[in-house]
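Here is what each chain is made of, one letter per residue.
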Amino acid sequence: MTLWDLTQGASAKVSSFKSNIQSGYRTRLSELGFHPGEHISCVLSPSLGAPKLYRVNNTVYSLDDSIASLIEVA
Amino acid sequence: MPIASAAKIALIGSPNSGKSLLFNRLTGLNQKVANFPGITVDIASGQSLDDSSIQYLDFPGVYSLQAISGEEKVAVEAFTQALEENLLDTVICVVDSTRLEKGLIFALQVLETCHNYNKPMLIAANMVDVLDQHSMQFDPQGLAETLKIPVLPISARTGLGLSELPGAIATANVPPQKFESDIIASDESINHLHAQQLAEQHGPKGDLLINTQTRLDSFFLHSWFGGLSFFVIMYLLFQSIFSWAAPVMDAVEAGIGWLASIVLPVIPVGVATDFASDAIFGGIGAFLVFVPQIFVLTLVVGILEDSGYLARAAVICHKPLRFFGLTGKSFIPMLSGVACAIPGIYAARTVESTRKRWLTYLAIPLMPCSARLPVYTLIIAAFIPANKALGGLLGWQGLAMFSIYLLGIVCALLVTAIVSRSSAELRTDLPFVLEMPPYRLPSWKPLVRNAWNRCKHFVTKAGKVIFMVTVIIWILGYFPNYGESLGDSWLGTMGQWIEPVFEPIGLDWRYGVAILSSFLAREVFVGTLGTMFGIEGAQEDFSSLAQQIQDSGLPLGSGAALLVFFAIALQCVSTLAVLQRETGSWRLPVQLFISYSIFAYIAALSVFNLVELFS
Numbered sequence: 649m650t651l652w653d654l655t656q657g658a659s660a661k662v663s664s665f666k667s668n669i670q671s672g673y674r675t676r677l678s679e680l681g682f683h684p685g686e687h688i689s690c691v692l693s694p695s696l697g698a699p700k701l702y703r704v705n706n707t708v709y710s711l712d713d714s715i716a717s718l719i720e721v722a
Numbered sequence: 343m344p345i346a347s348a349a350k351i352a353l354i355g356s357p358n359s360g361k362s363l364l365f366n367r368l369t370g371l372n373q374k375v376a377n378f379p380g381i382t383v384d385i386a387s388g389q390s391l392d393d394s395s396i397q398y399l400d401f402p403g404v405y406s407l408q409a410i411s412g413e414e415k416v417a418v419e420a421f422t423q424a425l426e427e428n429l430l431d432t433v434i435c436v437v438d439s440t441r442l443e444k445g446l447i448f449a450l451q452v453l454e455t456c457h458n459y460n461k462p463m464l465i466a467a468n469m470v471d472v473l474d475q476h477s478m479q480f481d482p483q484g485l486a487e488t489l490k491i492p493v494l495p496i497s498a499r500t501g502l503g504l505s506e507l508p509g510a511i512a513t514a515n516v517p518p519q520k521f522e523s524d525i526i527a528s529d530e531s532i533n534h535l536h537a538q539q540l541a542e543q544h545g546p547k548g549d550l551l552i553n554t555q556t557r558l559d560s561f562f563l564h565s566w567f568g569g570l571s572f573f574v575i576m577y578l579l580f581q582s583i584f585s586w587a588a589p590v591m592d593a594v595e596a597g598i599g600w601l602a603s604i605v606l607p608v609i610p611v612g613v614a615t616d617f618a619s620d621a622i623f624g625g626i627g628a629f630l631v632f633v634p635q636i637f638v639l640t641l642v643v644g645i646l647e648d649s650g651y652l653a654r655a656a657v658i659c660h661k662p663l664r665f666f667g668l669t670g671k672s673f674i675p676m677l678s679g680v681a682c683a684i685p686g687i688y689a690a691r692t693v694e695s696t697r698k699r700w701l702t703y704l705a706i707p708l709m710p711c712s713a714r715l716p717v718y719t720l721i722i723a724a725f726i727p728a729n730k731a732l733g734g735l736l737g738w739q740g741l742a743m744f745s746i747y748l749l750g751i752v753c754a755l756l757v758t759a760i761v762s763r764s765s766a767e768l769r770t771d772l773p774f775v776l777e778m779p780p781y782r783l784p785s786w787k788p789l790v791r792n793a794w795n796r797c798k799h800f801v802t803k804a805g806k807v808i809f810m811v812t813v814i815i816w817i818l819g820y821f822p823n824y825g826e827s828l829g830d831s832w833l834g835t836m837g838q839w840i841e842p843v844f845e846p847i848g849l850d851w852r853y854g855v856a857i858l859s860s861f862l863a864r865e866v867f868v869g870t871l872g873t874m875f876g877i878e879g880a881q882e883d884f885s886s887l888a889q890q891i892q893d894s895g896l897p898l899g900s901g902a903a904l905l906v907f908f909a910i911a912l913q914c915v916s917t918l919a920v921l922q923r924e925t926g927s928w929r930l931p932v933q934l935f936i937s938y939s940i941f942a943y944i945a946a947l948s949v950f951n952l953v954e955l956f957s
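First to last, the protein sequences are chains L and U.
All residue numbers for the first sequence refer to the numbering used here, where the first residue is 649 and numbers rise by one.
All residue numbers for the second sequence refer to the numbering used here, where the first residue is 343 and numbers rise by one.
This is chain L alone, in the form it adopts within the complex (with noise of 0.2 Å):
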């Protein structure tokens, strides 16, 4: 299960990162706080496919199905 496929109001934790992300991206998620072990939750899912909203700690961050799909949660 990706972070792309997280509910609205559904929360998990980060697990892994898919094999396929660049490593610059995967620098990045983890300093923002998406890192694995880290809980993350859907806190909107706007319709048509729009960005989704994540709450990391005290912070929302809107992610797309492109960056949202390369993380794994469990």
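Be aware that a few hints might be false.
Claimed, not checked - Here are the computed lysine to aspartate or glutamate pairs in the EDC-like style, where the Cα-Cα straight-line distance is at most 20 Å:
id: 1; chain 1: U; residue 1: K350; chain 2: U; residue 2: E427
id: 2; chain 1: U; residue 1: K661; chain 2: L; residue 2: D713
id: 3; chain 1: U; residue 1: K490; chain 2: U; residue 2: E506
id: 4; chain 1: U; residue 1: K547; chain 2: L; residue 2: E686
id: 5; chain 1: U; residue 1: K803; chain 2: U; residue 2: D648
id: 6; chain 1: U; residue 1: K350; chain 2: U; residue 2: D431
id: 7; chain 1: L; residue 1: K661; chain 2: U; residue 2: E443
id: 8; chain 1: U; residue 1: K787; chain 2: U; residue 2: D392
id: 9; chain 1: U; residue 1: K661; chain 2: L; residue 2: D653
id: 10; chain 1: L; residue 1: K666; chain 2: L; residue 2: E720
id: 11; chain 1: U; residue 1: K490; chain 2: U; residue 2: D431
id: 12; chain 1: L; residue 1: K661; chain 2: L; residue 2: E686
Hint data in this document are derived by calculation from the structure and do not stem from the laboratory.
Predicted model only: the values in this text are computed from it and were never measured.
The hints should help you fit chain U onto chain L, whose structure is shown.
What follows is chain U alone, placed relative to chain L:
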């Protein structure tokens, strides 16, 4: 005290930390671009309003000192190079105290860097006013004791704590301890763990801010209410450029006219009067008229950005625009381009990614700006019958106008879609991870100041180029017969030279002259063509000129070709001048001018042949 001997204090921080607001607050209007040899990014520099011995330097906002894109690398290198060459005395790392953990991840990297370069630093924990509003607190003293550097709670918005900044700068010290591992080079999770522990120990506790933010997001990003509010906000933005700026634009024109009526009678009749009337007052008027639009749009976009709505609008527009290689933040500059490309180009500063901003610059000049309207109205009036179809529901002229507007938008999206796919460099970019800033009431003073600075930038920088081109075109149109006949002027001669270029689309030299002169501004085409046909005041009354064009036997294909040509060609010196100022070089404007002229010509030629084939 001269600025050269002032203490150089660097402000560094992540986007949304309020760093630039703090810089504006500390320096007021007293800003300029710092000139650091070898550093290629713009670093704003300004003398402190309160202490002339302090010079603040605003470094570009970055999320991390570990750059992942070209533009981030340039920004990070600018900072490290300034440290390496000992150009800085102290570093202030600005963090958002409402999201301390995120800020500290970056601050720890800065701390490590300052330790390595033996540079004093302090942390300015911004937005404490928001914490106060929600009765939330954090422990700056405890954080300072742990990190062993000063931590000053401030609010760039209200000015809280800023009086203590000079004192904190004076007591700033080199971070004494090196963490057990090299944070920047090590696994980012170690850095994150440190920040997490520090935020838990000393940071504000509570979810109040996020809960309020989520409630508002549920509304502004709701399928129906979100779409409706987006439509209303964009409509107001569009109205602000078209309607709210219009009375001020009229006042600017009237003011220049009034000044001309006083000055011109004093000048001896002849070349000097004509030069003053057409080149000086006409030339100044041609670019000053944009100032109200630039001011209003900069202010409105600033309000949207400061309030937090711009990030939500970017989320709404991201998916459809991504297909065309753009980002959600390209929408507002492109929409502004429908009124006028110039404020649109300035609005593109909100697009953080250099590549996406570059693609947005490609799209803006193709958006159907209001200067094209007189040209479209004239050509449509000359060729399209005013009668209606479908029982009066559909007017052919209206349909033609809609089609040509649509053509501009389609061309803009097609160009960005093709260009973004043609280069691997443009395909790879920063991922779409957009921080949703908290909603807050805009801070008026910095916004007005920013809008004022933008206008000043336009008048002093782009204005010079526009004025110079105005004078050149005036000279070409005035000499050698001293304004007797435009057809016999050097410009007229040039029109005749280029007649073979426009002949294949059925246009004679008079149209060539009008197209050449419309490089000043597209609407000049109508007035020049009126002069060529011997009609005064063609700009105000299209009908007689449209009739003349009809009577001249110009084929329908030529009319359609002219419409298409003006929809695509970059016939606007002001747009080119502003693009040059914003990109820092003539490369992009020259490339765009040449490629859009060729594109416009080929499209016009194709349309001419197609229409002539079927008519």
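Evaluation of the provided hints:
A C-alpha spacing of about 13 Å is found between K350 (chain U) and E427 (chain U), which places the hinted pair at or below 20 Å, so the restraint holds. The straight-line distance between the Cα atoms of K661 (chain U) and D713 (chain L) is roughly 10 Å, inside the 20 Å bound, and the hint therefore holds. Between the alpha carbons of K490 (chain U) and E506 (chain U) the distance comes to roughly 18 Å, so the proposed pair stays at or under 20 Å and holds. A threshold of 20 Å between alpha carbons decides the hint, and for K547 (chain U) with E686 (chain L) the separation of about 18 Å falls inside it, so the pair holds.
Using a Cα cut-off of 20 Å, the hinted pair K803 (chain U) and D648 (chain U) is violated, with the two alpha carbons roughly 26 Å apart. Taking the CA atoms of K350 (chain U) and D431 (chain U), the gap is near 5 Å; set against the 20 Å cutoff, the hint holds. Restraint check for K661 (chain L) and E443 (chain U): the C-alpha separation of about 18 Å stays at or below 20 Å, so the hint holds. With a C-alpha separation of about 17 Å, the suggested pair K787 (chain U) and D392 (chain U) falls inside the 20 Å cut-off, and the hint holds.
With a C-alpha separation of about 17 Å, the suggested pairing of K661 (chain U) with D653 (chain L) holds against the 20 Å cut-off. Of the pairs offered as hints, the one joining K666 (chain L) and E720 (chain L) holds, with about 7 Å between alpha carbons and a cut-off of 20 Å not exceeded. A distance of roughly 18 Å separates the Cα atoms of K490 (chain U) and D431 (chain U); the hinted pair therefore holds under the 20 Å criterion. In summary, the hint linking K661 (chain L) to E686 (chain L) is supported, as the alpha carbons are separated by about 5 Å, within the 20 Å threshold.
Figure legend: structure checked against the earlier numbered hints; the only hint not met is number 5.
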